[in-house]
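Asks: Residue numbers (my numbering), protein chains in the order written: chain A, 1 to 626; chain B, 1 to 184; chain C, 1 to 102.
Rather than coming from a laboratory, the hints here were simulated on the basis of the structure.
Treat the hints with care, since some could be wrong.
Below, computed lysine-lysine pairings styled on DSS-like, alpha-carbon distance capped at 30 Å [claimed, not checked]:
no. : chain 1 : residue 1 : chain 2 : residue 2
1   : A       : LYS162    : A       : LYS453
2   : B       : LYS23     : C       : LYS90
3   : A       : LYS28     : A       : LYS77
4   : A       : LYS599    : B       : LYS89
5   : B       : LYS160    : C       : LYS90
6   : C       : LYS90     : B       : LYS127
Residues of chain A placed beyond 10 Å of chain B at every Cβ, according to the derived structure [as the list claims (entries may be wrong)]:
no. : residue
7   : GLN542
8   : GLY554
9   : PHE585
10  : LYS599
11  : ALA616
12  : VAL617
Everything numeric in this text was worked out from a predicted model, so none of it was measured.
Note that beta-carbon positions come from the ideal geometry of N, C-alpha and C, so glycine has one too.
Residue strings, one per chain:
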Amino acid sequence: MLNLLWLIPALPFLGFLLLAVFGGRMNKTGVAFLGVGSVGISALLTILIGIDFISSPPDGYSFNQTLWVWMNIAGFKPGIAFHLDSLSLIFTFAISFVGFLIHIYSAEFMIDDEGYSRFFAYMNLFVALMITLVLADNFLLLYLGWEGVGLCSYLLIGFWYKEPANVYAANKAFIVTRIGDTSMAIGLFLLVLHFNTLDIQNILQSVSTQWVRGSSLAVLTAFLLLGGALGKSAQLPLQTWLPDAMAGPSPVSALIHAATMVTAGVYLIARTHTLFDFAPIAQNAVATIGALTLLIAGFSALTQTDIKKVLAYSTISQIGYMFLALGVGAWALGIFHFMIHAFFKALLFLAAGAVINALHHEHNMFKMGGLRKELPVVYWTFLIASASLAAFPLITAGFYSKDEIIWYSWASNIGSPWLWLISLIGAFITSVYTFRMVFAIFFGEQKTPVSQKPGKRIKITLIVLAALSVLGGFVELPETMGGFAPFTHFLHHTLPAVALRSEESGIELLFQIITAVLTLAGIYLAYQFYFKNVKFTERFKQTGLSKFLFSGCGFDWLYDRAFMYPAIFFARINRNDFIDNIYTFITWLSTALNGMLIKTQTGRIRWYATVITMGAVITLTIVLVS
Amino acid sequence: MLTIFYLSAVVAVVSTMMVITRKEAVHALLYLIVSLLAISIIFFALGAPFIAALEVIIYAGAIMVLFIFVVMMLNLGRESIQQERQLLKPRMWFGPVILTLILIVEFIILFSKIRGQNYHALSISPKVVGVSLFSTYLLGVELSAMLLMAGIVGAYYLGKGKKRIMHRYLANTGSDSKAKGETK
Amino acid sequence: MTFVPFESGLILAAVLFLLGLIGVLVRRNIIFMLLSTEIMLNASGLAFVTASARWMQPEGQVMFIFILAMAAAEVSVGLALIMQIYHQFKTLDTDTLNNMKG
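With the hints as constraints, model all of the structure from the sequences given.
Replies: Set out below in structure tokens:
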């Protein structure tokens with residue numbers, strides 16, 4: 001069964017090829033069948049392989065499959081090879097399964113779009129490359145997937161390319177992530193330079209045996225890889241592209257910009273955890289960046305009016321939690337939060353897409369309202385996902401994943417009270433902005449009539465994801481609730497367990513209660529300010545602070561002034577390109593010489609003969625004289 | 001033999017001078033034939049009887065006849081002689097003659113450096129020439145065959161039509177407009 | 001057989017060649033220019049044959065034969081061109097035929 005591993009990325013890729021070549025000639029049913037089917041079989045295979053892997057684990061809890069040697073240059077020979085262990089299995093599962101559900105959803109959601117087959121071709125390519133990324137045995141293949149998903153992201157953000165704003169958003173996403181990717185490429189060059197290989201397991205082994213903990217080389221490499229992760233995962237300071245990336249269709253936002261691609265940075269850091277272990281400064285930076293990002297993005301989400309922008313900032317903020325978990329050494333919890341987040345955030349985006357579709361492409365959530373009766377399925381699933389996002393105590397999966405991150409940010413041996421405090425505030429804000437969204441969309445009076453109700457395929461997707469958003473949490477219970485944690489046990493075959501400062505299980509319960517109370521308080525606050533007492537919020541909207549937060553804390557403004565304006569300024573100064581003048585002079589010179597030569601071209605044969613004779617005279621004279 | 005050489009050399013030079021000064025093409029051609037015959041005798045004196053024969057047969061016989069044909073065909077009458085007189089002004093001779101004088105002086109200086117190497121002029125038989133031609137220089141023979149072929153094809157093509165050469169586009173415009181008119 | 005001095009043969013060739021050259025430079029009638037070119041070719045052939053006699057080698061004569069073949073081809077194409085030119089422009093004056101002026 002494990003030998004079929006290569007089929008998981010190969011099937012969506014085949015789907016992409018078929019759709020790209022024949023998609024234009026197929027009818028929509030055929031396209032949907034092919035596009036959804038390829039990912040569906042891939043998801044089924046993942047589950048079967050997963051069962052096989054867990055029931056009869058291979059040696060060393062990992063499985064390698066080399067298809068062929070990609071290139072072989074002076075001993076450097078990366079292969080097209082896949083590496084399956086508990087970490088990549090979980091990622092592959094999340095990607096293929098959530099991807100499959102989103103494909104089912106898109107089959108209905110995009111039905112009226114003229115680019116139906118193009119959409120599925122891109123989506124299939126994305127799934128193939130994303131699975132390649134997480135299954136890659138070496139960094140080169142990983143980088144191929146990494147850049148490939150970036151390309152798909154670009155193509156899908158600008159999917160409705162006839163709107164210039166979408167194309168700008170796509171360009172912005174591509175260019176900003178490129179900054180991180182360049183940094184990551186340099187990091188990979190460093191690794192090749194030192195180990196002459198890009199095989200991930202080999203490198204991690206060599207790092208732990210050859211490098212010194214905290215050496216500048218390890219720190220530098222870790223920071224360069226971190227740069228790549230920051231760009232892809234939209235963390236501070238490269239987070240500005242994600243809110244604009246919402247220009248793409250809602251399924252794209254759900255699959256790429258919530259569930260999978262943006263968490264590639266989390267995967268990269270978890271995959272190279274040994275390296276970050278050897279660079280404590282870099283690991284601290286991961287935690288700090290995660291904490292700052294979750295706070296800033298949370299505050300920004302609080303003021304947004306576009307439903308998808310709220311979700312985008314919320315995604316940035318939740319990935320901040322994952323980074324925080326990784327940064328304090330709670331590797332497995334970061335991955336756990338990734339999985340749960342993939343379920344509920346995909347669900348939120350899909351439900352939001354259904355709402356937007358139902359209301360004539362209305363994005364502003366304050367023009368919605370009262371949809372509770374009109375769209376009951378969407379309402380209930382959205383409510384479950386929101387509860388999960390806000391970490392509603394005990395019954396939602398989000399509670400189990402987020403609560404433990406908050407706890408470990410205090411209790412881990414590299415955690416600190418500051419990180420704990422920030423993550424706690426973040427959790428509070430999360431519940432406020434989440435339920436602000438719920439109240440605005442589904443309660444109050446109806447402001448826009450519903451034009452189109454979601455069909456069967458959309459409802460099924462929403463319900464399955466809602467079930468996962470609730471039940472997904474019970475594979476991982478905190479110590480205080482029995483400590484039933486098969487998920488972390490499974491992951492500990494690949495990732496080390498979190499190291500605690502001391503056994504403080506008595507405090508843990510107290511901390512959980514604090515978190516739970518704050519979450520409930522956040523929901524109440526949202527109820528007060530956004531449902532009962534709207535006047536106060538109206539006044540708040542006029543303040544400068546609100547506008548500052550609305551603009552994403554002014555990062556776009558800052559980058560415009562720090563990078564764009566100087567670049568434009570220099571471009572304007574150098575409009576005539578003075579280096580070019582050298583070449584212009586050369587052209588001018590040859591034109592001038594050409595002009596002189598043209599004068600000798602009289603068209604008279606006798607003149608030419610005379611010149612030849614004069615040449616003979618001069619040559620002979622030189623011969624005779626010398 | 002030496003006297004024959006010098007005599008024919010003088011004849012060749014004088015007749016060649018006549019060639020380049022004549023106004024009428026046929027006169028010039030006849031003088032050129034005289035010059036070629038004289039050179040043929042020189043070849044004989046140099047011990048190249050085969051080349052002397054070729055000079056008479058091909059140069060004087062074939063090539064010059066070709067010239068005469070063309071001149072006859074063009075049928076340049078008295079007007080052309082008048083025209084030639086206008087074209088050939090005495091002051092035009094000045095520059096070229098100076099240039100050539102310099103060249104001849106330089107040649108004589110060059111040749112005087114190889115004086116004093118005596119040799120016995122022996123006749124080289126056509127057989128030796130033929131053996132050399134068809135063994136060592138076989139490739140050259142093939143190439144000149146190709147050249148002659150190209151010359152034949154080129155001359156045939158150029159001489160074939162008196163059709164006015166027009167640009168393809170210009171030639172087509174007329175028929176195009178006609179076609180358009182028909183479709184209307 | 002008495003010998004002909006090598007340098008006198010070469011000087012004769014040079015004189016004939018330069019006379020041909022004068023012809024090319026002075027005459028404007030294209031037929032005369034072609035004739036002068038023939039003179040020059042013939043003169044260079046004479047130089048080859050002289051050299052052949054001097055070193056008792058057949059190569060010079062072989063070269064003369066090649067020159068002969070070349071002259072024949074050149075004259076046939078050249079004369080065909082002259083006829084075309086005369087038909088198109090009704091003149092043989094090369095100075096008025098400078099349509100290809102650069």
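Asks: Please verify that the nearest CB of chain B lies beyond 10 Å from VAL617/A's CB.
Replies: Violated, since 6 Å does not exceed 10 Å.
Asks: Just want to verify: GLN542/A was marked as not at the interface with chain B; is every Cβ pair farther apart than 10 Å?
Replies: About 71 Å separates GLN542/A from the closest Cβ of chain B, which puts it past 10 Å; holds.
Asks: So is LYS599/A really clear of chain B, every C-beta pair being over 10 Å apart?
Replies: 19 Å, holds
Asks: Given the hint that LYS160/B pairs with LYS90/C, test it: the Cα-Cα distance must not exceed 30 Å.
Replies: 18 Å, holds
Asks: Could you check that no beta carbon of chain B comes within 10 Å of the beta carbon of PHE585/A?
Replies: Per Cβ check, PHE585/A is outside 10 Å of chain B; nearest 39 Å; holds.
Asks: Please settle this one: ALA616/A was flagged as non-interface, so is its CB more than 10 Å from every CB on chain B?
Replies: 7 Å, violated
Asks: Compute the least Cβ-Cβ separation between GLY554/A and chain B, then decide whether it is above 10 Å.
Replies: 64 Å, holds
Asks: For a C-alpha distance cap of 30 Å, please report whether LYS162/A and LYS453/A respect it.
Replies: Given pair LYS162/A, LYS453/A holds - Cα atoms ~27 Å apart, limit 30 Å.
Asks: Need the status of pair LYS90/C, LYS127/B: alpha-carbon distance at most 30 Å?
Replies: 48 Å, violated
Asks: Holds or violated: LYS28/A and LYS77/A, Cα atoms, limit 30 Å.
Replies: 43 Å, violated
Asks: Taking only the CA atoms, is the gap from LYS599/A to LYS89/B under or equal to 30 Å?
Replies: Holds - the C-alpha atoms of LYS89/B and LYS599/A are around 25 Å apart, at most 30 Å.
Asks: Are the Cα atoms of LYS23/B and LYS90/C separated by 30 Å or less?
Replies: 18 Å, holds
Hint compliance for this structure: hints 3, 6, 11, 12 are broken, all remaining hints hold.
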